[in-house]
Amino acid sequence: MRAGEKTAVIKAAVGKTPVSRSASLVAVLTAAFLTAGVPDRLTAQDTTAGKVVYGKWCAGCHGDQGDGKGSAANYMLPRPRDFTGAIYKIRTTASGQLPTDADLMRVIDEGLPGSAMPAWKARLSESERRNVTAYLKTFSAFFKDTSQHIVPMKFSSEPSGGAQAIQIGRQFYDSIHCRKCHGDQGRGDGPSAYDLKDDPGQPIFAADLHQAWRFRGGMSTTEIYRRLQTGLDGTPMPSFADLIDKKFLTDEQLWHLAQYVRSLSPEKPPEVRDVIHARQVAGALPQSPDDSTWNRVDSYYFPLVGQVVRKSRWFEPAVGAIWVQALHNDKAVVLRLTWDDHTQSPDSSWRKFTKRVLETMAGDDTGTVAPESWPDQVAVQFPTKVPQGTERPYFLMGSNSDPAYQWRWTSAPRRAVTGLAHGIERFDTLSHGDAGPGQVTAQATFDHGQWRVVLTRALATADSANELQFAISRAIPIAFFAWDGSNAERDSRMAVSTWYFLALDQPTPPGTFVSPVIAMAVTLGLGMLVVARAQRRKNGSAA
Amino acid sequence: MRTLSSVAAVGAGLLIWVAGGPSFTSAPSGAAGGTVSGKVKFVGKAPANPEIDMSEEAKCAAKYKTKPHEEIVTVNANGTLANVLVYVKSGLPADAKYPTPTTPVVIDQQGCMYHPRVFGIMVNQPLQIKNSDPLLHNIKAMAKKNRPFNISQPAAGMTTNRTFSAVEVMLPFECNVHGWMHAFAAVLPHPFFSTTGTDGSFTITGLPPGTYTIEAWHEKYGTQDATVTVAAGPKTQDFTFTAK
Chain E
93 MRAGEKTAVI
103 KAAVGKTPVS
113 RSASLVAVLT
123 AAFLTAGVPD
133 RLTAQDTTAG
143 KVVYGKWCAG
153 CHGDQGDGKG
163 SAANYMLPRP
173 RDFTGAIYKI
183 RTTASGQLPT
193 DADLMRVIDE
203 GLPGSAMPAW
213 KARLSESERR
223 NVTAYLKTFS
233 AFFKDTSQHI
243 VPMKFSSEPS
253 GGAQAIQIGR
263 QFYDSIHCRK
273 CHGDQGRGDG
283 PSAYDLKDDP
293 GQPIFAADLH
303 QAWRFRGGMS
313 TTEIYRRLQT
323 GLDGTPMPSF
333 ADLIDKKFLT
343 DEQLWHLAQY
353 VRSLSPEKPP
363 EVRDVIHARQ
373 VAGALPQSPD
383 DSTWNRVDSY
393 YFPLVGQVVR
403 KSRWFEPAVG
413 AIWVQALHND
423 KAVVLRLTWD
433 DHTQSPDSSW
443 RKFTKRVLET
453 MAGDDTGTVA
463 PESWPDQVAV
473 QFPTKVPQGT
483 ERPYFLMGSN
493 SDPAYQWRWT
503 SAPRRAVTGL
513 AHGIERFDTL
523 SHGDAGPGQV
533 TAQATFDHGQ
543 WRVVLTRALA
553 TADSANELQF
563 AISRAIPIAF
573 FAWDGSNAER
583 DSRMAVSTWY
593 FLALDQPTPP
603 GTFVSPVIAM
613 AVTLGLGMLV
623 VARAQRRKNG
633 SAA
Chain H
25 MRTLSSVAAV
35 GAGLLIWVAG
45 GPSFTSAPSG
55 AAGGTVSGKV
65 KFVGKAPANP
75 EIDMSEEAKC
85 AAKYKTKPHE
95 EIVTVNANGT
105 LANVLVYVKS
115 GLPADAKYPT
125 PTTPVVIDQQ
135 GCMYHPRVFG
145 IMVNQPLQIK
155 NSDPLLHNIK
165 AMAKKNRPFN
175 ISQPAAGMTT
185 NRTFSAVEVM
195 LPFECNVHGW
205 MHAFAAVLPH
215 PFFSTTGTDG
225 SFTITGLPPG
235 TYTIEAWHEK
245 YGTQDATVTV
255 AAGPKTQDFT
265 FTAK
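Here the protein sequences line up with chains E and H, keeping their order.
Residue numbers for the first sequence follow my numbering, so the first one is 93 and each next one is one higher.
Residue numbers for the second sequence follow my numbering, so the first one is 25 and each next one is one higher.
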């Protein structure tokens with residue numbers, strides 16, 4: 093396949109999928125907004141106009157009465173905000189104080205990353221957003237109580253960071269016991285994490301501090317510092333402002349803690365790239381999840397979403413993303429899958445959490461399910477053959493007539509199998525005798541809230557009717573599924589991706605690497621020559 | 025900010041007290057009035073309280089000779105029930121005002137438990153939250169009629185003062201680091217309340233003559249009301265909770 097064809101295939105592949113659905117919803121909503129003809133001279137803080145906006149855009153989740161019990165609410169965790177209590181997570185005010193109008197507007201404008209609350213800035217006019225802010229305040233008597241203080245806290249500006257600041261931050265991470273909930277390495281796997289509830293008593297995860305782009309209040313160091321100051325009311329996350337008053341730490345040290353937390357995540361939110369490039373290596377492939385070779389292999393990020401197509405649906409999967417690395421040699425292909433998970437399931441101490449999740453998410457879709465100690469799982473999906481055109485099995489585990497070929501790994505028993513999925517309901521394991529070439533070998537490690545699983549299979553197998561034969565330089569469709577057993581995930585209650593591609597790259601001719609180096613050296617040499625001549629001339633004229 | 029203002033309020037209160045300010049010249053109305061006292065009996069088999077797994081907190085676990093249990097239902101040796109808050113629910117004159125005590129009610133976090141677990145406090149009376157454990161507690165006040173808050177105390181000796189401006193029965197507290205830690209406060213506009221302890225008795229003093237609804241509240245067994253007519257002198261009113 094030529095390069096142009098490959099791109100076309102890839103573009104066609106990013107069709108109607110759960111991931112793109114939210115994007116198309118955005119498009120529809122934006123179109124509706126553009127054609128609605130919004131009057132732009134509404135009185136500011138007009139609650140009557142705000143009610144109209146609220147009824148149209150907000151009530152579906154937050155309910156007509158503002159109690160957070162809209163028709164879609166039962167599918168969400170965390171649940172939509174109940175406005176009647178006036179308890180808000182993202183504020184600039186002290187713990188227990190009401191938010192300012194600007195605080196409320198900001199959440200409406202920017203949304204709450206990592207939750208179902210979208211950003212409305214591009215969809216509603218400023219007056220609409222202002223009016224709806226005024227309207228949602230009418231749901232709580234607290235906003236009418238003039239004795240309530242609504243004073244933004246005085247925040248200092250960020251001191252300089254760097255390695256030493258981060259080190260100080262880490263010391264305070266330990267001394268104020270952040271690890272109790274967020275875990276030693278910050279992945280929300282601390283010893284108290286299994287028992288966390290929000291105000292309505294629903295299960296809540298401690299934030300994974302390695303995924304700052306999912307922080308509700310924003311991912312900047314400044315925002316993290318503010319959350320440490322204000323706490324997230326309604327959740328287990330307390331305010332640490334008193335610690336400064338009590339001289340337990342200084343304001344600057346609190347900043348350093350924020351800088352440390354920020355340093356755990358990449359500078360920018362990870363970007364999705366559609367094609368995983370698997371480099372060809374000459375020798376043996378790394379089999380251990382912590383082989384140092386992996387540090388030098390490009391990592392691809394893929395977001396996962398809940399499986400909401402087939403019953404029982406699952407709207408709030410615990411695994412939000414998976415990172416994939418791939419290599420091959422002339423005999424085999426190896427994938428390392430890395431994902432954050434609060435628990436190494438099955439874990440009996442998390443049974444209570446599992447039970448709460450099932451109770452909270454119970455509904456027409458999920459029905460009544462008794463909690464069990466389910467394992468963590470991951471599945472990698474391919475078609476049975478490398479497709480010639482854009483045809484691939486149905487992304488959701490194929491169908492009876494067009495099955496998908498899968499590798500499935502479970503944490504207990506700790507093993508990988510291969511098989512054919514005929515839709516979500518049916519998975520037929522393929523047998524390979526004793527370590528036949530169709531076998532997938534697995535090595536896995538669970539490390540402070542993160543799974544790293546290495547899966548290896550021969551490029552070619554005997555069963556070419558059912559098992560994908562890996563070919564070099566072809567766009568091989570690939571998709572991923574993940575289950576967190578402690579989050580009550582099993583069978584159709586899972587996280588899914590859309591189809592992406594795996595490309596086993598040809599070995600790079602040595603010249604490809606050498607020629608740029610030579611070109612750079614030549615350019616550098618010529619440049620220095622020019623500079624040297626100019627200097628000489630300058631010196632000459634000065635003399 | 026709130027801490028500061030509460031501290032200021034305490035300070036101001038002390039000044040007034042020292043100076044014999046006008047708001048404190050009269051004792052709470054009917055200080056010499058009637059007394060309602062009694063016992064809260066418990067009938068039936070007490071349910072077992074859940075055992076607490078303190079393995080993650082060795083410094084707390086070390087304070088207990090036997091495995092600690094949650095104190096949801098504490099039945100005393102004499103067959104009475106502890107941690108029942110008894111208070112005047114209604115019957116006081118609507119316009120009656122009672123001075124706000126400046127002495128704080130102290131809730132101590134010790135051995136990864138709240139002491140006391142159940143208590144009464146007056147509106148705007150300071151609540152001193154104290155940590156006697158050398159580890160992190162967060163204190164989450166899950167108020168509905170007052171503003172809720174959630175603050176942290178990561179070291180022994182830390183104290184924080186807070187006040188509640190509205191009547192609220194009951195206002196739950198919890199620690200999220202230690203999911204077993206629960207406490208309950210009745211925020212009341214008057215001083216007529218009492219919590220049962222190890223002998224299961226309560227005493228409410230200084231009630232002006234009148235007819236009152238007295239309520240007994242327990243976190244598991246709910247509430248029981250009794251109508252009591254008080255004249256000068258003592259009056260007995262017992263309550264009985266039955267195992268479910």
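Treat the hints as calculated values from the structure; they're not laboratory data.
Take the hints with a grain of salt, since some may be wrong.
[What the hints assert, rightly or not] No more than 30 Å apart at the CA atoms, straight line, and that leaves these computed lysine-lysine pairs for DSBU-like:
| id | chain 1 | residue 1 | chain 2 | residue 2 |
| --- | --- | --- | --- | --- |
| 1 | H | K268 | E | K143 |
| 2 | H | K89 | H | K69 |
| 3 | H | K244 | E | K289 |
| 4 | H | K169 | E | K289 |
| 5 | H | K113 | E | K236 |
| 6 | H | K121 | H | K87 |
| 7 | H | K65 | H | K244 |
| 8 | E | K339 | E | K360 |
| 9 | E | K447 | H | K69 |
| 10 | H | K89 | H | K168 |
| 11 | E | K403 | E | K161 |
| 12 | H | K91 | E | K444 |
| 13 | H | K87 | E | K246 |
| 14 | E | K246 | H | K168 |
| 15 | E | K236 | H | K169 |
| 16 | E | K444 | H | K89 |
Is K403/E close enough to K161/E, meaning Cα to Cα at most 30 Å? holds (22 Å)
For K444/E and K89/H, compute the direct alpha-carbon distance and say whether it is at most 30 Å. Between K444/E and K89/H the Cα gap is close to 27 Å, so the pair holds against 30 Å.
For K447/E and K69/H, compute the direct alpha-carbon distance and say whether it is at most 30 Å. Holds. K447/E to K69/H sits at ~28 Å (cutoff 30 Å).
Does the structure keep K246/E and K168/H at a Cα separation of 30 Å or less? holds (27 Å)
Does K444/E lie within 30 Å of K91/H when you go C-alpha to C-alpha? holds (20 Å)
Restraint check for K268/H with K143/E, where alpha carbons must lie at most 30 Å apart: Status violated; Cα separation ~47 Å.
Under the criterion that the straight-line Cα-Cα distance not exceed 30 Å, is the pair K113/H, K236/E satisfied? The given pair, whose Cα atoms are some 27 Å apart, holds under the 30 Å limit.
Does K236/E pair with K169/H here, judged by a C-alpha cut-off of 30 Å? Satisfied, since the Cα-Cα distance of roughly 13 Å is no more than 30 Å.
Can the restraint linking K87/H and K246/E be considered satisfied, given a maximum Cα separation of 30 Å? Status violated; Cα separation ~40 Å.
Within 30 Å, alpha carbon to alpha carbon, are K65/H and K244/H? This hinted pair holds, its Cα atoms lying about 15 Å apart.
Between K121/H and K87/H, is the straight-line Cα distance small enough, at 30 Å or below? violated (43 Å)
Keeping to a limit of 30 Å between CA atoms, is the pair of K89/H and K69/H held or broken? It holds: about 25 Å lies between the C-alpha atoms, which stays within 30 Å.
The structure fails to meet hints 1, 6, 8, 10, 13 from the earlier list, while all remaining hints are met.
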